[in-house]
Every structure is written in structure tokens, then in C-alpha cells.
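K.L.:
Sequence:
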Amino acid sequence: MVKQWSPIGSDREWREQAVRKILLSSIFVLLLILPGQGLAQQASDTVAPERATGFTSAKRTETKRSMVAAANPLAAEAGREILARGGNAIDAMVAVQTVLGLVEPQSSGLGGGAFLVYYDAATQKLTTFDGRETAPMEATPKLFLDDQGQPLKFMDAVVGGRSVGTPGTVKLLHEVHQRLGKAEWASLFGPAEKLATEGFAVSPRLAGLIASEGDRLKKYEGPRGYFYDESGAPLKAGAILKNPAYAETLKTIASGGADAFYSGPIAEAIVKTVRDAEGNPGVLSLADFTNYRIKEREPVCVTYRALDICGMGPPSSGAVAVGQILGIVENFDLRGLGPQNPESWRLIGDAQRLAFADRERYLADPDFVPAPIKGLLTKDYLGTRAALLDGDKALAADAVKAGEPEWDHALLFGRGEALEMPSTSHFSIVDSEGNVISMTTTIESGFGSRLMTNGFLLNNELTDFSFKTHDGALPVANRVEPGKRPRSSMSPTIVMKDGKPLLAIGSPGGSQIIGYVAQALIAYIDWQMPVEEIVAQPHLINRFGTYDIEAGTTAEELAEPLKALGYEVKAGEMNSGLHAIEVTATGLAGSADPRREGAAVGE
461 MVKQWSPIGS DREWREQAVR KILLSSIFVL LLILPGQGLA QQASDTVAPE RATGFTSAKR
521 TETKRSMVAA ANPLAAEAGR EILARGGNAI DAMVAVQTVL GLVEPQSSGL GGGAFLVYYD
581 AATQKLTTFD GRETAPMEAT PKLFLDDQGQ PLKFMDAVVG GRSVGTPGTV KLLHEVHQRL
641 GKAEWASLFG PAEKLATEGF AVSPRLAGLI ASEGDRLKKY EGPRGYFYDE SGAPLKAGAI
701 LKNPAYAETL KTIASGGADA FYSGPIAEAI VKTVRDAEGN PGVLSLADFT NYRIKEREPV
761 CVTYRALDIC GMGPPSSGAV AVGQILGIVE NFDLRGLGPQ NPESWRLIGD AQRLAFADRE
821 RYLADPDFVP APIKGLLTKD YLGTRAALLD GDKALAADAV KAGEPEWDHA LLFGRGEALE
881 MPSTSHFSIV DSEGNVISMT TTIESGFGSR LMTNGFLLNN ELTDFSFKTH DGALPVANRV
941 EPGKRPRSSM SPTIVMKDGK PLLAIGSPGG SQIIGYVAQA LIAYIDWQMP VEEIVAQPHL
1001 INRFGTYDIE AGTTAEELAE PLKALGYEVK AGEMNSGLHA IEVTATGLAG SADPRREGAA
1061 VGE
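Here our numbering is used: the first residue of the sequence shown is 461, the next is one more, and so on.
The hints are simulated quantities; they were obtained by calculation from the structure and are not laboratory data.
Some hints could be false.
Mimicking DSSO-like on lysine-lysine, the simulated pairs with C-alpha atoms at most 27 Å apart in a straight line are [stated by the list, open to error]:
hint: 1; residue 1: Lys-1023; residue 2: Lys-861
hint: 2; residue 1: Lys-957; residue 2: Lys-834
hint: 3; residue 1: Lys-696; residue 2: Lys-654
hint: 4; residue 1: Lys-585; residue 2: Lys-642
hint: 5; residue 1: Lys-732; residue 2: Lys-679
hint: 6; residue 1: Lys-960; residue 2: Lys-519
hint: 7; residue 1: Lys-524; residue 2: Lys-711
Pair ranges (Cβ atoms, derived) [stated by the list, open to error]:
hint: 8; residue 1: Ala-1024; residue 2: Gly-659; range: 53 to 63 Å
hint: 9; residue 1: Gly-724; residue 2: Pro-826; range: 46 to 56 Å
hint: 10; residue 1: Ala-693; residue 2: Gly-739; range: 31 to 41 Å
hint: 11; residue 1: Thr-750; residue 2: Gly-685; range: 39 to 49 Å
hint: 12; residue 1: Ala-693; residue 2: Arg-639; range: 43 to 53 Å
hint: 13; residue 1: Ser-715; residue 2: Thr-844; range: 48 to 58 Å
In this text the structure is predicted, and so the values were computed from the model without any measurement.
Glycine included, C-beta positions come from ideal geometry on N, C-alpha and C.
Turn these sequences into a full structure, and let the hints steer you where they fit.
P.N.:
Below is the structure:
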């Protein structure tokens, strides 16, 4: 039997201490809000990350019929309530997202975008929906260049209207529900409307993030009046926060569908907020809302150890990069090596570096930039990439470059860099009919653009584009263009076994998402860890040469061995938010990442 690297010793003690510290406040929050209801890209981390300030135990939840795993207990409970009333996974998705947008507003919401991977039990079909934000039609490739043609400082670009793209989440929720939902659309907003009207207790995580924002969140009137008390102090954990504007917005969408968001007073208010943002106005227009479309796309799937790993293709780089990492390490015996062996992490780390080199060169919005997706994922190509790892030391920096997969296009694009903030939220849902949802949702940076209207924050998704327009004489694939969707690392994933769903998983975390999800899949498949351990295991990620390891965990025991292999090693906070549900022989098993405040609940 393979020895499992579970959160034992210092890791288990750390997590149990965290649980004890937060348990009373968590119970307090739930009693206040739910009486009588039970709960069954490079250097991006150095720029104002959404910190892992919340804790919950990495417990295993087992149910017979249905389950929701989400980043906040109130959101998970809202989804459970819809399922218990006879709704399906799509119905629960609407309830979960609308509550997350209220109680975890810094991570996702009506002002952002999302990617959905969905398995339909009736048709036994897997598909994906692209609700990514789009660049305004008035935007140009020089959107994030200053008067001297130099890229803006990252946070100077983020805060204000310049970074706001056309939101996609509301249209994704409505269009997918119209096709695949079961319950009445208007009935799905009750949990969020009630919380917004009656108030909810500010969670320790949200309170900590507000306090860490400094003056950025105070720059504009909306957030200043909402996230701070009358004295100007940031709201404390346990404070009761009401959001009547959000409740009214939900009522409007409940009665009028997506049209009520993409035309009329709500769209007009968003456009005005963006274009009037003092010091950093944007160019979003009503025409952008009129023209916005959800894209249904074929999932990107790879076979790994006889399982099909399926996820979101471009404009997300997630499924391609995760698939490449798995396809490279499949050439090695990770099960035999085990999770405590530095050799495992040499192989995984350099596989990640090679995948990121291809990602930077080839992947962007497929409606603007053709990409060799099939070529990047063939066994032959990944075999040639794996051959680069045949040594016994870390790959030299000059050996980590984009490969040359089979492709019937000439390469017309250069390499670019884009920062992705480690924010976002992920939730997984399985209903009693066997439908499965894996959805990653975002407003990009923590608190997005720091602009707020109608009770919700607006995204800063456009900063996921490369600020640089050209790489020498070649245009950068992920540069800004009108109507284009910025590249993402979001990796909502469904693992299939013999044509049936086995595992739904995903995570927030900026460009680290790819590593979080790939590591969780390796732990689940190769090291045979249960769901509660794959979401809690210490993180080790290498995207660009430096090995990031999770501070305060047993991952630090690998620091010196990794240095001996030739890596620079940096210990720090690794703010994932993995939420996983496994389909078992007897029902369902799920777990929520202990680094956040989530829960897995069900019937």
C-alpha cells in the first residue's frame, strides 16, 4: 500500500488549533443567520492577494443523494435547501452563486464572470459554458499603457473603471437555467434575498480581508459606505451587514431574467460607475452589454491512468495546462515514488514549468487566437516534454521554453505575461439525478476593481490580459482587443471513469489554480488520498522556476532537498480553496479546503 502524505503531525495540529479558534464564532454566525436550519502568472502572489484568513476543518462529509461543496457555509446551505425542495444541480447553482456574491463579495458575484463544467445525467453528456468577461468594444491593445507607452503599475490598473469587463455571470446563470434547470427561476433567489434584507454576520475571513485592504477599498463611495462603519473603521467579524440594494437587484433579475441585468437601470448604473470612476475611468458601454454572449464549448479532456480528466478549454488555460502536467508525469511512477519523495516534486514542478511555458506562448481567447490544443495534449508531444525530465536535477532556466506541437498554423503570436490575482471562488454540486457541476467564479482580484453599484462589486478582469502588446515584432496572444476574453487559469474539473462522473473539483488562486488542481488530482489518483486529504494536503507549486511551498506545513521539510536539486525555494501562504465531491459506491463524499470557511453539505 502506498504511504499517504496526509495532514498529520504539525499539519493536523495546525488545522485542529485553527478549528478550535474559529468554532465558536462559526456557530455564532450560523445561529444568527440560519435558526433551525442544519448544515449536514508570475509574481502575482506579491500583489495584494486574497489571503487565506478563514478556517474550517477538512472533514469528510458523506451523503446518499446530493451534495454541495462551497466556500461559505451560508452558500452551501442555500444550495442544499434548493436540492431538498426538489431542485436540480443547475437550480442549486443559482442559489449558491447569489449567496456567495453577498457573503463572499470579494471573490465572485453578479459583477464578474465564471466557467462551468457540467455533466448531464439524462443525456450522459459533458459540456462547458464560458461566462468569461469581455473587453469593451472601445478598448484597444494600449489600454494598460501609460503616456510613454510603458505598462501601468498593476494596482494602478486594477483600481477604478479601466479594468472592468462586461460581466458574464448573470447571463451564464440564466441561460443555463433556461436550458437545464428544473425549478422556477424566480424561486431560486429566496436564500440570498433573505440574507441581504435581514442581514448576515460578517465572517472572520471577510472581516480580515476588509481590514487588509488599507485605503484601496475606501477610494470609492460604494465600498466605503458598505464595508466600513460610521466611524470609518472596517467591519468586524460578527457585525450584522444588510444589503438592501443587492436584494432589490436580485428581485429585478428574478422577475426579469438576464435581460433585466443587461439592459435598463442596472446596466446603465454599471456603465456610469465605470465611466465616471474618478482618476481611472473605463470605457464600458451599454453596447457591450447588448452584445454579450455565453459560449458553450467542448470540454478539453485528457486520459490519465485510465481516467478521463475533463475541464474548461480556452480562454481558460486550466484544462490544457493541468492536462499537460498530468500527461508529462504519467511517464513516471509517481505512485511508487510517493508524496514524501523529493523526486516526485522534481517531476511535478518541472512539468508545471513546461506547461506554463506553452501556456504563455499559445493560449488565449480562441475566437481571436488559434491554438494547437490537440497538439499540446498528444501522447507523443508530452512524451517529448517528459524526456526533458530524464535527469536528476531541476531543469535549467534556458531549457524551460515553449515546445513545438503539431499544428497546421504558422506561429503568429509572441509570448506575453499577465498577472492573475489569487482570488476567486469554486463550488461543486451533485444532485440526486446524477447531474454534476464544477464551477469556478470570479471578480478577479479580491474586491475586484473596488467599484460597487446596485449592491455588488465590479470585476477587474481586464487586468488578466497582458499589458504588453508585442513580443518583438509579434503581437502577444493575450493582449487586449475589443470584445476579447482574457486568458484565465480557472480549472473547474470533472473526472470521469468509464463514462460516469467520479470527482468534481476546482479551486481559486490565480495562476496557482493550475498547480492546486493538478496536485489534488495526482494525490487522488496516484497517491490514493481521500477527498478530505486532497483538499488539505500542503501545497508545492513551481510555475516559473521558484518552488513555492506552503509555510507552516510539512511541505517545509522538502525545502532543503528541493534546494539540493537546484531550485530556489520560497515558503509562504498558499491560499487555495479546493472544494471536491466524489461519487462513491454508496453515495457521495465531499470536503472543503481548510484554508477558507467552506462546507460540504447534503442529503
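K.L.:
Each hint needs a verdict: does it hold in this structure or not?
P.N.:
Hints, one by one, checked against the model:
1. Lys-1023 <-> Lys-861: holds, 22 Å
2. Lys-957 <-> Lys-834: holds, 21 Å
3. Lys-696 <-> Lys-654: It holds: about 21 Å lies between the C-alpha atoms, which stays within 27 Å.
4. Lys-585 <-> Lys-642: holds, 17 Å
5. Lys-732 <-> Lys-679: Holds. Lys-732 to Lys-679 sits at ~17 Å (cutoff 27 Å).
6. Lys-960 <-> Lys-519: Given pair Lys-960, Lys-519 holds - Cα atoms ~25 Å apart, limit 27 Å.
7. Lys-524 <-> Lys-711: violated, 34 Å
8. Ala-1024 <-> Gly-659: 53 to 63 Å: holds, 55 Å
9. Gly-724 <-> Pro-826: 46 to 56 Å: With a Cβ separation near 31 Å, Gly-724 and Pro-826 fall outside 46 to 56 Å, so the hint is violated.
10. Ala-693 <-> Gly-739: 31 to 41 Å: violated, 24 Å
11. Thr-750 <-> Gly-685: 39 to 49 Å: The hinted range 39 to 49 Å is violated for Thr-750 and Gly-685, with Cβ atoms some 30 Å apart.
12. Ala-693 <-> Arg-639: 43 to 53 Å: Between Ala-693 and Arg-639, where Cβ atoms are some 46 Å apart, the hint holds.
13. Ser-715 <-> Thr-844: 48 to 58 Å: About 56 Å separates the Cβ atoms of Ser-715 and Thr-844, which means 48 to 58 Å holds.
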